[in-house]
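Asker: Single-letter residue listing:
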Amino acid sequence: MLHNIRVRVNGEWVEACVPSHRRLLDFLREDLDLIGAKEGCGGGECGACTVLVNGEPINSCLVLAVEADGAEVLTVEGLGDAKDLDPVQEAFVQNSALQCGYCIPGMVMSAKALLIRNPNPTRDEVVEAISGNLCRCTGYARIVDAIMQAAQAADAAGPAPAGRAAGHAPAAEVSRAGGE
Amino acid sequence: MAEKTTYIGTAVVRSDALEKVTGAARYAGDLKFDRMLYVKLLRGKYAHARLVRVDASKARKLPGVKAVVTGTDFPYRMGLYLVDRTPYAVEKVRYYGEPVAGVAAVSPEVAEEALGLIEVEYEELPPVLDLLEAIKPGSPLVHPELHEYEHVPAIFPVPHTNISNHFKIRKGDVEKGFAEADLIVEDTYYVPHIQHSPLEPHAAVALYDREGKLTIWASSQSPFAMRKILSQSLRWPMNRIRVIGPYVGGGFGGKAGLNVEATLVPLAMKAVGHPVKLVCTREEEFRDTFVRQGMWCRLKTGVKRNGRITAQEFEMYWDGGAYTEYGVNVTRAAGYSSAGVYDIPNMKTDSYCVYTNKPVGGPLRGFGHGENHWAIEQHMDQIAHRLGMDPVEFRMINLQREGSTNATGQVLHNVGIGKCLEEAARLIGWTKVTGPGKIEPGVKKVRAKGIACMTKAPAMPNDAASTAIVKLNDDGTVVLNISAQELGQGAFTVLSQICAEELGVRYEDIRIYPVDTDHGAYEWQTVASRITYSCGRAVMEAARDAKRQLCDHASRYFGVPAGDVDVADGRVFVKGDPSRRVPVATLALGATLPDFSGYGGPIVGRGKFIPEGIVAMDAETGQSPKPVANWTYGAQAVEIELDLELGKIEVKKVAAVYDAGRVINPVTAAAQVEGGVVQGLSIGLFEEMKFDERGRLLNPSYVDYKIATAAEIPEMLVSFVEVPQEDGPYGARGIGEHVMVPTPPAIANALFHAAGVRVKRLPMTSESVRWALKQE
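Protein chains in written order, with my numbering: chain A, 75 to 254; chain B, 460 to 1235.
Worth double-checking, as some hints may not be accurate.
[Said to hold, decoys possible] Capping the alpha-carbon separation at 30 Å, the derived lysine-lysine pairs in DSSO-like fashion look like this:
hint	chain 1	residue 1	chain 2	residue 2
1	B	Lys759	A	Lys157
2	B	Lys1111	B	Lys930
3	B	Lys595	B	Lys759
4	B	Lys491	A	Lys157
Please keep in mind that the hints were generated in silico from the structure rather than gathered at the bench.
A quick note: this is a predicted structure, and the numbers were derived from the prediction, not measured.
My request is simple: use the sequences and hints to build the entire structure.
Answerer: Shown next as structure tokens:
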């Protein structure tokens, strides 16, 4: 059975007709060519497919595209790019908190979600927030360091542009928020 | 005047960082092509069975199905060291999960549906599941045709048995050595099958075009080796096979050689003009890609009362699985490194690779060494305690040092293990340990420390070589053409640093592109911790060649001798005259002389490297003056907290010290160590592939096969010793695999110091530790 859905992905409304069984992950990767979210297990075990739906981190392999109808979806592609990195991405670069990189988009999105709901996390809270994101390369230490640093950087820069982070801002505001 | 910038030993930002944090980095599974088809594989349902009938006729008729293949369609044997493996089962399935048929269809759903239409009739054969039963006379044979298989000369199969390689060390006189000993210690150890479990499952796309050319895009550590295996097996010229390697989402050895790609070749040949794509499921990743072989061993050591080891006898039996095309080399590597870091005058080692009806064994990060060091490093502590000596003190007496010989009789020089062990002990705050930990009544948690050493050499053929090409663009930016793979280890970063250092350009101006065997400089494989060492040397030479050309241009341009010009920070200048300098761009394509005539031409530098002087080991004794390219040493010390009620081990702190020869990038090097320590911790405490009595894998998921999460990481203290490697770039040698080898035995030794118990079978789960405590 096919369904018409309307999803706001990275600040832009997308209308599509999807079969019932289409997973949100496939909708993003196959239909929208947003390949940042990765499939690592297909069973919600590894976190590589983490994206934010209405500001909450979810395993997009466990959510159907139809369930995202009307929702705000933020993927790593909507977070920032080379000329305008999100503080989380910047901190991952500065801390060398990546190796093969396959888990990183999911890791970055889990970190982003944490900092949206808790801008000043403790180290234990960071560990808990990413304990559903598996990484086989890094040993996690630098990733935890990076997220702590991103939190401190955001703290030093004053209140975060929460609208952008949560995906609630219209597209125009998104680009403005990025300039700050 | 520009200062000479030094990139060696500098923590530059990883060259792949931006791509990877923004989601721009592409992996094989991210690739999409027009007319692409999706592949699913039908997998065998028995560990050992004859294929009586495979009927795919109904599947072929399903609309949307473009190609179906079975084993008889493509009965070519392939393999890197022993040619024993077909992409699809032919006549027999030899493990539960072996591909029986493949389907390429317009969607994954159609492909899956087609699998259900393939009829397979099996006649079950007695499975060979027990390693030690498999070596007994009269055991059913997994490969009765073993004697017919081609193999490299360094492999010694025993015809008409399940033993696909028997590697031997015969050094000195073990009988005499044991007779001289005051104490003989003997024990057995076991490591189970484990999985690399990179986060990126194996993925590949294959296209057979109308011209008859095969192109494969694969998540692979070995594009050139893959091309070679296919070319040899199919008897095709290499210029008909092209392998392209995007970023690899974690390899750890599991993506070395030829893997799932082979199953795509016959499908691509049937669906001419359609790229056919396979992405393994996590279940397939666990069971149907290379696994680390299980290993059972018996280790016996003779020692004098003063602590000096006199003799060692070591028997290792490797649970090689259904095909041992790569696993035979694991057996070999574990054999020639069987002395560990110790100077042992008399040795007898037998390392057997054994066929069983289990998943296919292959290389896993530091192969052979994580396994044999699990035994050796516990054994050393056991001996020390029997002698009433401190484990560090006992090791110090027996460590290899200048002039020592290892298992192969090779005389060793520039050995850094003593420094590594001292530093690891210092960092963890080692205090003399004189015996087993004793549990005081009422105590619920105890802390203790343990230590272990390691050494490893690259296990590779003597002709494993690297090449590099340095091309200057018009604007002075640089294309560094190498075919090492970026698996996450930081190869692109470190090789760019070496290029920048030698050429005198900015690190940021160097770019490395994905591997393409049609256009790329040759590289054997990205394995064996050999890239910084081997490809690094090729890059050095290529960059120096390019710089020589640049200086030649500059000498004509400025009208001075070539020796009077230099390149630094992207500028070419006359030494001692700051006013006379130009950007590299000015001379990259040649020099325009004062009379406007051209000189030189576009700059292309070339470099190559092969480790020289390696001598094959003697077939009967394993002896050789130089059996391998180099040895890397390291030591790790751990501090654990043991919950005596739960048997749970928590690793609180790890000190890891490696002799890197020369650290090219302190951050990527330390990051490698941290990742290795945690992988070692994970293998030590959690990881085991579990099989039922029919050979079925019971835990092919991250829920049932736990790997370490962020919640389990210890405090990590990483340090490097730098005893230069003579032929390494700036003295560097590899460390990538070594770093996970000593973690499990160091934990096991700490466990003994905590509670006086030893778990000699990995992993040290709460259950097994609790059981050991109860036995006490």
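Asker: None of the hints should be skipped; say for each whether it holds.
Answerer: Evaluation of the provided hints:
no., hint, result
1, B:Lys759 <-> A:Lys157, "violated, 61 Å"
2, B:Lys1111 <-> B:Lys930, "violated, 48 Å"
3, B:Lys595 <-> B:Lys759, "holds, 22 Å"
4, B:Lys491 <-> A:Lys157, "holds, 27 Å"
Violation of the numbered hints given earlier is confined to hints 1 and 2; the remaining hints are satisfied by the structure.
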